[in-house]
Amino acid sequence: AQSVTQLDSHVSVSEGTPVLLRCNYSSSYSPSLFWYVQHPNKGLQLLLKYTSAATLVKGINGFEAEFKKSETSFHLTKPSAHMSDAAEYFCVAAGGTSYGKLTFGQGTILTVHP
Amino acid sequence: EAGVAQSPRYKIIEKRQSVAFWCNPISGHATLYWYQQILGQGPKLLIQFQNNGVVDDSQLPKDRFSAERLKGVDSTLKIQPAKLEDSAVYLCASSPGASGFYNEQFFGPGTRLTVL
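Protein sequences, first through last, are from chains A and B.
Under the working numbering, the first residue of the first sequence carries the number 4, and numbering increases by one thereafter.
Under the working numbering, the first residue of the second sequence carries the number 52, and numbering increases by one thereafter.
Hints should not be assumed to be uniformly reliable.
[Unchecked claim] In the BS3-like style, the derived pairs of lysine-lysine whose C-alpha atoms are separated by at most 25 Å in a straight line are: (1) A:K71 - A:K61; (2) B:K113 - A:K45; (3) A:K52 - B:K95.
By construction, these hints were calculated from the structure, which means they are not laboratory data.
Same shape as in the complex, but just chain B:
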């Protein structure tokens, strides 16, 4: 089966610009996650969707980050405006089960963002 797809793989922008990342989860997976992985650290959950609803966005910097999952399938994560500290790898993951019950999360290759 096809894995989690993400695009672009790399992005370089100037600070204060905006950027968007796209994720297509494994077909049929109900739950979708966006993580931020800063160099030298483990991934940190930004937002979790159950179908097209938000389950947890407690660590999403809502003044500049937004995410949506229209139709409960693919998802976009946007940063506007970007700051230097947003330089990181943005990982998308999906899992087959409902939120509130652990199911294995399958990760995409990530998008490496560099903010200059």
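Okay, chain A solo, but in the shape it has when bound:
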């Protein structure tokens, strides 16, 4: 079985400051990992994905994430937050016996202050 834990339910930053959203995973195999973003009343959108290639993954809108197997982490970062980044972010794992089935973390709500 696999599980995903997002360490912060809410993160608040000022516009122009760095963003860090933390995610740890638990798995008996090497999973594929993803970050999705959900804006209010919108569908989930894929930000980036890690599938055992480069450990530093770049996504859309300036986001990136680094896979650290020794720490079982996949934290999402962005150097400078924009107001439009305010949304809920989900760390997601896929793989194992139900390859293709996604396991979602609980979500982190990002608030960006002007």
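Starting from the known structure of chain A, fit chain B onto it as the hints suggest.
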């Protein structure tokens, strides 16, 4: 290309009533998923279809939930009878590949169900 379409967007019903949600996936996508997202939680997979066959329904409460994907295109999810704890957003997603191999899932806007 058009995204995943879902209707209705919002639904309010009394407990013990029945309700149905509809999903039209992206054209050509073989795999279709229904998720339940309770407030404050991440989405949970209810059922996964490969064309018109069920691949995984292990977390579908089969005593009250049912789903079908006739002709391997659009899909309906039904709840009968509804309970208060069914209040959630129901998300539909589709992906182009066969089940058993990860392909990016594309999500619809969801249907927000409130059970009173």
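Results of checking the hints against the structure:
{"no.": "1", "hint": "A:K71 - A:K61", "result": "holds, 15 Å"}
{"no.": "2", "hint": "B:K113 - A:K45", "result": "violated, 28 Å"}
{"no.": "3", "hint": "A:K52 - B:K95", "result": "holds, 19 Å"}
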